[in-house]
Structures are given as C-alpha cells and as structure tokens.
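Student: Take these sequences, add in the hints, and give me the full structure.
From first to last, the protein sequence lines stand for chains A and B. Counted from 1, the first sequence has number 249 at position 189 by our numbering; the numbering is strictly sequential. Counted from 1, the second sequence has number 300 at position 240 by our numbering; the numbering is strictly sequential.
Don't take each hint at face value.
No distinction is drawn between identical chains; accordingly, a pair holds when it is met within one copy or between any pair of copies.
In silico lysine to any residue, SDA-like type, Cα no more than 20 Å apart, as pairs [claimed, not checked]:
1. 110 to 164
2. 110 to 92
3. 110 to 129
4. 110 to 130
5. 214 to 162
6. 110 to 294
Since the hints were derived computationally from the structure, they do not count as laboratory data. Just so it is clear, the structure is predicted and the values come from calculations on it, not from any experiment.
Protein chains: 2
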Amino acid sequence: MDVPPDLELQVAVAKVRKYAVSESGDTVEMIERPQGGLSLVIVDGQRSGKSAKAISNIVARKAISLLADGVRDGAAARAAHDYLRTMRGGQVSATLNIVSVDLVTRTLVISRNSHCPVIVGEGRGNEVQVLDGPSQAIGVHSRTRPVITELPLKPDLHVVVFTDGLLAAGQRQGQALDVPLFVRQQLAAYPTNNCARSVADALLNRAVELDQGRPSDDISVLVVSIVPRQQPDGTRRLSVRFPI
Amino acid sequence: MDVPPDLELQVAVAKVRKYAVSESGDTVEMIERPQGGLSLVIVDGQRSGKSAKAISNIVARKAISLLADGVRDGAAARAAHDYLRTMRGGQVSATLNIVSVDLVTRTLVISRNSHCPVIVGEGRGNEVQVLDGPSQAIGVHSRTRPVITELPLKPDLHVVVFTDGLLAAGQRQGQALDVPLFVRQQLAAYPTNNCARSVADALLNRAVELDQGRPSDDISVLVVSIVPRQQPDGTRRLSVRFPI
Chain A
61 MDVPPDLELQ VAVAKVRKYA VSESGDTVEM IERPQGGLSL VIVDGQRSGK SAKAISNIVA
121 RKAISLLADG VRDGAAARAA HDYLRTMRGG QVSATLNIVS VDLVTRTLVI SRNSHCPVIV
181 GEGRGNEVQV LDGPSQAIGV HSRTRPVITE LPLKPDLHVV VFTDGLLAAG QRQGQALDVP
241 LFVRQQLAAY PTNNCARSVA DALLNRAVEL DQGRPSDDIS VLVVSIVPRQ QPDGTRRLSV
301 RFPI
Chain B
61 MDVPPDLELQ VAVAKVRKYA VSESGDTVEM IERPQGGLSL VIVDGQRSGK SAKAISNIVA
121 RKAISLLADG VRDGAAARAA HDYLRTMRGG QVSATLNIVS VDLVTRTLVI SRNSHCPVIV
181 GEGRGNEVQV LDGPSQAIGV HSRTRPVITE LPLKPDLHVV VFTDGLLAAG QRQGQALDVP
241 LFVRQQLAAY PTNNCARSVA DALLNRAVEL DQGRPSDDIS VLVVSIVPRQ QPDGTRRLSV
301 RFPI
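Tutor: See the structure below:
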C-alpha cells in the first residue's frame with residue numbers, strides 16, 4: 061500500500077459584499093465528506109442583495125446537503141442546477157463552484173459552473189494554469205453540466221476560485237486585475253506556513269483597493285493549498301471571523 | 061431603531077482524535093443561518109473510531125440541514141434525536157451541542173444535549189459561568205429535549221463548548237483539567253485580536269499534554285467569542301488547516 065505523503069491542507073475564504081448593499085449575494089459553505097476530506101461550495105446568485113442571497117442560499121444548501129450524503133460532486137452540481145431551474149422556472153441563474161479534497165481518491169476535484177476561470181498553481185513561483193474552458197451558469201438552460209478537473213494531491217498545489225466581483229474590480233477605472241499574474245506573484249512571495257490565508261487576503265485586498273474601497277460587486281475568494289506538513293500535531297483547526 | 065454595537069465574531073475549533081484510532085468519532089460542522097448569522101454543531105458519537113464517526117455524521121448532517129432551512133435550534137436538536145432514535149432503534153447515543161449566533165434576535169443560542177458543561181465568560185478575567193444543568197444525550201430515551209440558554213450579543217462574551225475527551229484528559233494520571241479555571245485564566249491572558257483561536261488551542265494543547273501526547277479519547281473544542289471590532293474592513297474570513 062502506498063503511504064500517503066506528509067501533507068497539510070490549508071483552506072482560506074475571504075468575502076466582502078458590494079458597497080452600500082446590506083447583504084452579499086454570494087454564499088460559501090463547507091462540509092466534511094462522509095468518506096474523508098471536505099468540500100467547499102461557492103455560489104454567486106444573479107443580481108445582488110436580498111434576492112441574490114435567497115438564490116445562492118438555496119443552491120448552496122442543495123449542493124451541501126447532497127455532498128454530505130456522499131453524492132459525487134458532478135451529480136451534486138447537476139442536481140443543484142435541476143433544482144434551481146425547477147424552483148425558479150429557468151428564469152434565474154447562479155454560478156456554482158465546488159472544490160473537494162477527496163481523501164479516498166487522494167485528489168482535488170474542481171467543478172466549474174461559472175464564466176470565471178479557476179487558477180491552479182504548482183510549485184512556488186512557477187507558471188500557473190488557468191482553467192477557463194467554456195462553462196455555463198446553472199438554473200437557465202436544460203441539462204447544464206459542470207466542467208470537472210481532477211488533480212492528484214501533492215505538495216505545493218494551490219487552487220484559487222473566485223466570483224466575478226474579482227474580475228469587475230477596478231474595471232470602471234480601466235485597471236482590472238490580472239488574476240493569474242497576481243496569483244503567481246503571491247505564490248512566489250508567501251511563506252508556506254500560512255499560504256492559503258495570505259493569498260486569499262492579498263487578492264481580496266487588491267480588488268477592494270482597485271475599487272477604491274467601495275466594491276462594485278460582491279467578491280468571494282477561496283484558496284485551497286496543499287503544502288508540506290507544517291504543524292507537528294494531528295490537530296484539525298477551523299477559524300472564522302467577521303464583524304457583526 | 062437601535063444601532064447594533066460594533067462587534068466582531070470569532071469562532072475557533074480545534075479537534076484531535078483518540079490515539080491510535082484512524083478516525084475521530086466527533087463531527088463539527090458549521091452553516092450560515094438563512095436569516096443571518098451562523099450555527100455550529102458538535103456531535104460525539106457513542107464509542108470511537110469508524111462506528112462512532114458514522115453516528116456523529118448522520119446526526120450532524122440532520123441538524124445542519126435543518127438549520128440551513130431556517131429551522132429553529134431547539135426543533136433541529138429534537139429532530140436530530142428523533143432521527144437517530146428511529147434509525148438506530150434507540151440503541152445508540154450521541155451528544156449534540158448547537159451554538160448559534162443569531163443576527164435576527166442578536167443573541168447567542170446554546171443548545172446542550174450532553175453531560176459536558178458549557179463555559180460562558182463575560183469580560184476579561186472575571187468569573188466564568190458553568191452551564192451544567194442536567195441534560196441527556198440524544199438517541200436513546202423518548203422525547204429527549206435540549207437545554208437551551210440564550211444570551212444577548214455583547215462585547216467580551218465567550219462560549220466554550222467541548223466533547224468529553226477534554227474531561228477525560230489526564231484522568232488516568234489523576235490530574236484531570238479544571239476547565240472553568242483554565243478558561244478563566246486564558247480569557248484574562250489573551251489578546252482580543254485573536255481570542256477564540258488562542259483559547260481553543262490552549263485548551264486542546266493542555267489536554268493533549270495531560271494525556272502525554274496520546275489522547276485517551278477524541279477531543280473537540282469550540283470557542284465562540286464576541287469582541288469589540290478588531291478589523292476595520294467588513295471582510296468575512298474562514299480558515300481551515302489539518303494534516304492529510
């Protein structure tokens with residue numbers, strides 16, 4: 061039997077809402093996979109504010125509840141699409157990304173139902189790969205499917221997923237963010253010890269800066285990093301913080 | 061209308077499994093409340109290892125999915141009990157704690173179905189309150205109900221929830237942890253900036269130390285802190301890390 065390499069999983073989410081809107085239309089949820097590992101779901105509901113939040117909430121809830129039952133990611137994404145389309149008569153769309161760390165297959169599984177690319181970095185300071193194959197948002201067309209990429213878990217593997225507020229940042233001022241380039245620079249510069257958190261915060265901060273402190277849309281950033289093990293103990297840690 | 065005070069929510073979970081067992085029988089999950097805020101669910105399944113994990117997984121999944129639908133905490137706890145009792149014919153028990161930050165009522169809601177007390181600290185270095193009223197684990201007896209405590213959100217409010225592995229730590233060596241005293245000392249000593257994380261890590265580290273590095277049971281610790289706002293931005297942050 062292969063002995064799994066001594067790795068550490070780091071997950072970081074950073075999330076802001078559109079300026080002067082009471083509620084973010086993005087929803088990010090995490091769930092443990094019953095066979096081992098975890099899944100993250102990022103949903104961006106059409107439009108912004110309360111109505112967008114209601115949409116992203118029902119989509120995230122459906123996907124999370126299926127993943128918690130052990131349903132495979134592709135089926136969960138299809139089901140979330142069918143459910144939204146049935147509930148809203150095909151009138152409302154949402155983008156949906158699922159990122160899973162599957163400890164049975166020892167792979168990272170990335171499901172895209174979004175026009176936003178996903179950035180994959182391997183090693184430190186190397187070129188990054190941009191997953192930007194054509195992909196449809198869920199809820200509107202019939203038989204929409206996710207675009208799925210599966211990568212073996214290995215040291216210094218990084219996946220960056222975001223909603224389109226990150227692409228919109230700075231566009232009004234004609235200075236949109238080159239996300240792949242920025243991610244590559246961050247991966248070269250940051251310490252392994254706190255990699256995912258550093259990259260997620262740097263991306264979000266830069267976007268908010270480009271929007272001059274007033275985000276023109278909801279922005280969510282998720283970074284999943286597989287790095288050589290940092291902490292000697294087997295402890296699992298989760299932290300959350302936000303103003304209330 | 062009352063203006064809500066300028067507060068920050070901090071959540072920290074630290075979790076280890078019993079020594080020489082492949083899987084923790086504890087499950088900790090978090091979900092956003094559809095009306096605002098979040099809920100955390102901590103379940104300790106009877107016995108340890110794979111069978112305990114299967115039990116804690118179905119209980120946590122049921123509670124999380126109801127909370128995600130907007131079901132109130134007390135009803136979610138009752139439903140999780142009824143579900144486990146039906147599924148397993150009353151032969152298997154689990155402890156269940158739900159901690160919710162409810163932004164509609166602006167309260168912290170603590171539901172206990174566990175013999176483990178919950179520690180509540182207010183202010184820095186003051187006495188702590190021990191919520192230890194009689195409370196039944198779920199799954200076995202008929203019509204089991206949670207013991208619920210509801211506290212208004214205010215600065216320097218801390219809630220510490222844990223599974224019974226924390227109480228078992230060091231018992232073999234006759235030096236069990238005085239959890240209320242330890243929490244009180246930690247709350248007096250730690251910086252507001254990273255309060256929940258510091259307290260959770262300190263508690264778990266001390267327990268593992270008392271067990272001489274080989275936890276005699278699964279241990280999970282959850283700390284929820286409401287502190288004066290630390291970060292100037294409105295960003296929501298989530299971090300996870302563990303060896304894989």
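Student: State for each hint whether it applies.
Tutor: Structure-based check of each hint:
1. Proximity of residue 110 and residue 164 under a CA criterion of 20 Å is satisfied inter-copy only: 15 Å between copies versus 38 Å inside one chain copy.
2. Taking identical chains as interchangeable, the C-alpha atoms of residue 110 and residue 92 lie at most 20 Å apart only when they sit on different chains, with a minimum of 15 Å there against 28 Å within one chain.
3. In this assembly of identical chains, residue 110 and residue 129 lie within 20 Å of each other by CA distance solely across copies; the values are 16 Å between and 29 Å within a copy.
4. In this assembly of identical chains, the alpha carbons of residue 110 and residue 130 lie at most 20 Å apart only when taken from different copies (16 Å versus 30 Å within one copy).
5. In this homomeric assembly, residue 214 and residue 162 come within 20 Å of each other (Cα to Cα) only inside a single copy, at 13 Å, whereas the closest approach across copies is 39 Å.
6. Taking the shortest alpha-carbon separations for residue 110 and residue 294, only the inter-copy value of 17 Å comes in at or below 20 Å, while the best intra-copy value is 40 Å.
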